[in-house]
Amino acid sequence: QQQVKQSPQSLIVQKGGIPIINCAYENTAFDYFPWYQQFPGKGPALLIAIRPDVSEKKEGRFTISFNKSAKQFSLHIMDSQPGDSATYFCAAHALGGSEKLVFGKGTKLTVNP
Amino acid sequence: DTGVSQDPRHKITKRGQNVTFRCDPISEHNRLYWYRQTLGQGPEFLTYFQNEAQLEKSRLLSDRFSAERPKGSFSTLEIQRTEQGDSAMYLCASSLGENIQYFGAGTRLSVL
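Protein chains in written order, with our numbering: chain A, 1 to 113; chain B, 1 to 112.
Since the hints were derived computationally from the structure, they do not count as laboratory data. Worth double-checking, as some hints may not be accurate.
Stated by the list, open to error - Calculated pairs, BS3-like style, for lysine-lysine (alpha carbon to alpha carbon, straight line, at most 27 Å):
| hint | chain 1 | residue 1 | chain 2 | residue 2 |
| --- | --- | --- | --- | --- |
| 1 | A | K100 | A | K57 |
| 2 | B | K71 | A | K68 |
| 3 | A | K5 | A | K71 |
| 4 | A | K58 | A | K100 |
| 5 | A | K105 | B | K11 |
| 6 | B | K11 | A | K57 |
| 7 | A | K100 | B | K57 |
| 8 | A | K15 | A | K100 |
| 9 | B | K11 | A | K5 |
| 10 | A | K71 | B | K11 |
| 11 | A | K108 | B | K11 |
| 12 | A | K105 | A | K71 |
| 13 | A | K100 | B | K14 |
| 14 | A | K68 | A | K58 |
| 15 | A | K105 | A | K57 |
| 16 | B | K71 | A | K5 |
| 17 | A | K105 | B | K71 |
| 18 | A | K5 | A | K68 |
| 19 | A | K15 | A | K57 |
| 20 | A | K15 | A | K68 |
| 21 | A | K15 | A | K71 |
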């Protein structure tokens, strides 16, 4: 059972474009939603995270939009650069207990020069 | 280097052999996680330690898998009688309480 659904699977944009990656979750106990960036041969690195008490969070060129009623959240990358080419994963966990992360399947982003 | 360290980075083994991976978390991080990542998929949770206690194990962790975290510092993940289906990237992450999980670069296992 996939608890976090991520789309699209891959995405190609031109430099300066604004790629948008979407995720939807099922478990209403989830209350922490991070996005991770992974380059080939590396482990995932945290980009930005949000809790459901806010609808939007910005950090630099990265923005998370969160819709609690729809159980959806998305990542926007402003002014994308070739160096942003990587695989992006959304994730979720419930506070308390182990707080294990449940990941989406990932989106491979390519930013062309 | 103050990040999460994993060793080895790559391991090639023959089916049926035992393998052991090591993870050194960020100093003073009390929580340690193991995840498995296969090609084209997101990481999947395997097991979790708080200090030296193993508090949760996934159904993915068959009897051939065992993990330890003696003294609440480094952790080892052992796979006995490896199978081709065990081929994956094994990721370790650590955190301090209810905070960000920092991932290591992983150990890529290939079972021939």
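Next on the checklist: So, against the hints stated earlier in the document, which numbers end up violated here?
Outcome noted: 2, 6, 8, 9, 10, 13, 16, 17, 20 and 21
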